[in-house]
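**Student:** Take a look at the letters that make up each chain.
2 protein chains.
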Amino acid sequence: MKKEYLGEWLLPGGPHSDIILSSRIRLARNIKTFPFLTRSTREIQEKIREMVREVLTENGLLKKGSFFTNEELSPLKLQFLLERHLIPLDFLGSRMHRGLYVSKDETLSILINEEDHLRLQVLTSGLNFFPAYEKIEKLDNRLAEKLPYAFSSELGFLTACPTNVGTGMRASFFIHLPGLVITKEIEKILRSLLAMGLVARGIYGEGSETKGNLFQISNQITLGLTETEILEKVTKVGEEILNYERRAQEFLLKNLRLSVEDKIYRAYATLKNARLLTSEETINLLLMVRFGIVAELIKDVDLKTINTLLILTKPANLQIYYNKEMSPKERDEKRAELVRSFLKDRGNGR
Amino acid sequence: MKKEYLGEWLLPGGPHSDIILSSRIRLARNIKTFPFLTRSTREIQEKIREMVREVLTENGLLKKGSFFTNEELSPLKLQFLLERHLIPLDFLGSRMHRGLYVSKDETLSILINEEDHLRLQVLTSGLNFFPAYEKIEKLDNRLAEKLPYAFSSELGFLTACPTNVGTGMRASFFIHLPGLVITKEIEKILRSLLAMGLVARGIYGEGSETKGNLFQISNQITLGLTETEILEKVTKVGEEILNYERRAQEFLLKNLRLSVEDKIYRAYATLKNARLLTSEETINLLLMVRFGIVAELIKDVDLKTINTLLILTKPANLQIYYNKEMSPKERDEKRAELVRSFLKDRGNGR
Numbered sequence: 010m011k012k013e014y015l016g017e018w019l020l021p022g023g024p025h026s027d028i029i030l031s032s033r034i035r036l037a038r039n040i041k042t043f044p045f046l047t048r049s050t051r052e053i054q055e056k057i058r059e060m061v062r063e064v065l066t067e068n069g070l071l072k073k074g075s076f077f078t079n080e081e082l083s084p085l086k087l088q089f090l091l092e093r094h095l096i097p098l099d100f101l102g103s104r105m106h107r108g109l110y111v112s113k114d115e116t117l118s119i120l121i122n123e124e125d126h127l128r129l130q131v132l133t134s135g136l137n138f139f140p141a142y143e144k145i146e147k148l149d150n151r152l153a154e155k156l157p158y159a160f161s162s163e164l165g166f167l168t169a170c171p172t173n174v175g176t177g178m179r180a181s182f183f184i185h186l187p188g189l190v191i192t193k194e195i196e197k198i199l200r201s202l203l204a205m206g207l208v209a210r211g212i213y214g215e216g217s218e219t220k221g222n223l224f225q226i227s228n229q230i231t232l233g234l235t236e237t238e239i240l241e242k243v244t245k246v247g248e249e250i251l252n253y254e255r256r257a258q259e260f261l262l263k264n265l266r267l268s269v270e271d272k273i274y275r276a277y278a279t280l281k282n283a284r285l286l287t288s289e290e291t292i293n294l295l296l297m298v299r300f301g302i303v304a305e306l307i308k309d310v311d312l313k314t315i316n317t318l319l320i321l322t323k324p325a326n327l328q329i330y331y332n333k334e335m336s337p338k339e340r341d342e343k344r345a346e347l348v349r350s351f352l353k354d355r356g357n358g359r
Numbered sequence: 010m011k012k013e014y015l016g017e018w019l020l021p022g023g024p025h026s027d028i029i030l031s032s033r034i035r036l037a038r039n040i041k042t043f044p045f046l047t048r049s050t051r052e053i054q055e056k057i058r059e060m061v062r063e064v065l066t067e068n069g070l071l072k073k074g075s076f077f078t079n080e081e082l083s084p085l086k087l088q089f090l091l092e093r094h095l096i097p098l099d100f101l102g103s104r105m106h107r108g109l110y111v112s113k114d115e116t117l118s119i120l121i122n123e124e125d126h127l128r129l130q131v132l133t134s135g136l137n138f139f140p141a142y143e144k145i146e147k148l149d150n151r152l153a154e155k156l157p158y159a160f161s162s163e164l165g166f167l168t169a170c171p172t173n174v175g176t177g178m179r180a181s182f183f184i185h186l187p188g189l190v191i192t193k194e195i196e197k198i199l200r201s202l203l204a205m206g207l208v209a210r211g212i213y214g215e216g217s218e219t220k221g222n223l224f225q226i227s228n229q230i231t232l233g234l235t236e237t238e239i240l241e242k243v244t245k246v247g248e249e250i251l252n253y254e255r256r257a258q259e260f261l262l263k264n265l266r267l268s269v270e271d272k273i274y275r276a277y278a279t280l281k282n283a284r285l286l287t288s289e290e291t292i293n294l295l296l297m298v299r300f301g302i303v304a305e306l307i308k309d310v311d312l313k314t315i316n317t318l319l320i321l322t323k324p325a326n327l328q329i330y331y332n333k334e335m336s337p338k339e340r341d342e343k344r345a346e347l348v349r350s351f352l353k354d355r356g357n358g359r
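Protein sequences appear in the order of chains A and B. Each residue of the first sequence is one higher than the last, beginning at 10 in our numbering. Each residue of the second sequence is one higher than the last, beginning at 10 in our numbering.
Next up, chain A with everything else stripped away, as it sits in the complex:
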């Protein structure tokens, strides 16, 4: 992982990536020769970690990425990984022996001893679950050759938490919904998700808050449906929300154009001129500019730049980018500097 490198999954390119930033699939797996982590000792945790590390080495995967134990990761580095969506919120601050594998392009990662012995994750740009599933299935099959998975012919894959039993699969996507948020239709959409067995979460997964107008939407049910059925369902819901969002944007640009333009041009101007920017304000301004690009009001900056800034301006990424530990005040200064340097020599947004 390079400090200035950004996972390929965050670079626009996938289908509908103007609104759906990325899709993610994760599989929960356990090794049947070991007890679930809730009943494991630290010795067992270490054994699991070493076993997986060995398999990854044998498979040649270690050459294509990096392996870390949580003991060797500083709090700053953990925060950095969280901000890049490579680990979930509850990976931080655990006393368990944990491990993490991340591929060089940051699209594939394996968590060891998080809630389950293994969590495989694939990230991809846009709404694009089927290619992602091919990739994760291939990885899963390779690991299954060496690791005896806990599997019941009746229930499917067995997991620490019953909500994951069956496929052990969670499919989610990050979606940017400024139109639905501004028109206040978002509440209705989020309520209807629940009825379809899906749920909206904050961008750092379970337990994290929803911020600005960026949402993570994922399936809740893992049992009773095949992997393909789950992915088809989540894809369909993604496409539906996408259409609602496009209609809300059209409505806004037709009926409240001036007020939308005002918000967007102010946000862009502020990003290009501020000398101090907090993390929170930066996210909101970047997302407003992102909307401006999608709405074709801003044409001299691209989604790649904004997606990149969304990650690099986060506290730990910023410090690692500048290779310097910084106080919040110093960060606000450097954050504004970074944003200006990425947006400089651009016009006034018309």
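Just so you know, not all the hints are guaranteed correct.
[As the list claims (entries may be wrong)] The calculated lysine-lysine pairs, modelled on DSSO-like cross-linking and capped at a C-alpha distance of 30 Å, are: (1) B:K333 - A:K263; (2) B:K263 - A:K333; (3) A:K343 - B:K193; (4) A:K193 - B:K338; (5) A:K353 - B:K308; (6) A:K343 - B:K353; (7) A:K308 - B:K308; (8) A:K308 - B:K338; (9) A:K353 - B:K263; (10) B:K313 - B:K86; (11) A:K263 - B:K338; (12) B:K343 - A:K353; (13) A:K155 - A:K41; (14) A:K56 - A:K86; (15) B:K353 - A:K313; (16) A:K263 - B:K343; (17) B:K308 - A:K343; (18) B:K113 - A:K353; (19) A:K308 - B:K353.
These are computed hints drawn from the structure, not numbers from a lab.
Go by the hints and put chain B onto chain A.
**Tutor:** Just chain B, lined up with the frame of chain A:
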């Protein structure tokens, strides 16, 4: 008065006009053959107005400016004159027969039947009372030749309100104090003024609120001092506050530079990019940019442009500029358009 014309007194040029926008002297005068206005009939008011109009005509002054009766001024035009500091707040909405003379360059005006029969006013750029006094004294002497002033050898000029008896003179200046406001020293300064017989008011005179960081400071005492003594005193106080302000600005630029730069560059960027601007926000942003110019942080726009915008963006001036009555929402749009057109093709403030 032209809609796009701005009184010469508001164009920088006078001493210290970076901080003290303008100086104003007004003289209260009454005609001894008529009762004070508190006891006047509408017939008497009309007689006074016609008498003054005749004298102005005889003197050739009417050729050098315009004369209006309050009956012929629409509420919009009255508001326009108030915003340009040519009439005070309480000139609006009166049932008295009143009159107004304004010279073409908007530096000299005469109010008829406001609180006193006559109020002469001279405005000038910067802190520059003595040339202004020469001008108003000359006008006063010319009028005194034809109009029998109410004068007591013991008390001086007699006025409707005892606070104006004596010289009948009020000397005031508009001062922009961002440094003292940001450093919160302003309260101390305003308190000390009172002890010296001066008072700070809102920019539209008595009864108007102080807005942003622009103040009008004037003498309270008119009796027991000569005109020269009053002007010397007010000038001295002006110079003192000026020095406090310069020191506060130096302090800010030395110790809180980043935060000041942040505020200034954001304000400038917002003015150049907003599509909707309320009157209140515009004043605050313009005054912040004005500070940026004085502090030499913004170099591609001049004080004249900002001073002009401070007037032209006010509700009535805006409507008269565009020659169109507008709702508040339409005004916000046109205001933003006007500001952008004055500031366009300028750089990023560096």
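**Student:** B:K343 and A:K353 were given as a pair; does the straight-line alpha-carbon distance stay at or below 30 Å?
**Tutor:** At roughly 29 Å apart (the allowed maximum being 30 Å), A:K353 and B:K343 satisfy the hint.
**Student:** For the pair supplied as a hint, A:K343 and B:K193, confirm whether the alpha-carbon distance does not exceed 30 Å.
**Tutor:** With Cα atoms ~28 Å apart, A:K343 and B:K193 stay inside 30 Å; holds.
**Student:** With a cut-off of 30 Å on the C-alpha distance, tell me whether B:K313 and B:K86 pass.
**Tutor:** holds, 24 Å
**Student:** Tell me if the straight-line CA distance from A:K193 to B:K338 falls inside 30 Å.
**Tutor:** Judged against 30 Å, a Cα distance of about 22 Å means the pair holds.
**Student:** Is it true that the CA of A:K353 sits at most 30 Å from the CA of B:K308?
**Tutor:** holds, 19 Å
**Student:** Taking only the CA atoms, is the gap from A:K308 to B:K338 under or equal to 30 Å?
**Tutor:** holds, 28 Å
**Student:** So if I understand the rule, the pair passes when the alpha-carbon distance is 30 Å or less; does A:K56 with A:K86 pass?
**Tutor:** Holds, because 24 Å separates the two Cα atoms, which is no more than 30 Å.
**Student:** Do the alpha carbons of B:K113 and A:K353 lie within 30 Å of each other, as the hint requires?
**Tutor:** violated, 46 Å
**Student:** Mind checking the alpha carbons of A:K308 and B:K308 for me, to see if they're no more than 30 Å apart?
**Tutor:** holds, 28 Å
**Student:** Compare the distance between the alpha carbons of A:K308 and B:K353 with 30 Å, and conclude whether the hinted pair is satisfied.
**Tutor:** holds, 19 Å
**Student:** Between the alpha carbons of A:K353 and B:K263, is the straight-line distance 30 Å or under?
**Tutor:** holds, 26 Å
**Student:** Does B:K338 lie within 30 Å of A:K263 when you go C-alpha to C-alpha?
**Tutor:** holds, 17 Å
Comparing the model with each earlier hint shows a violation of hint 18 alone; every other hint is respected.
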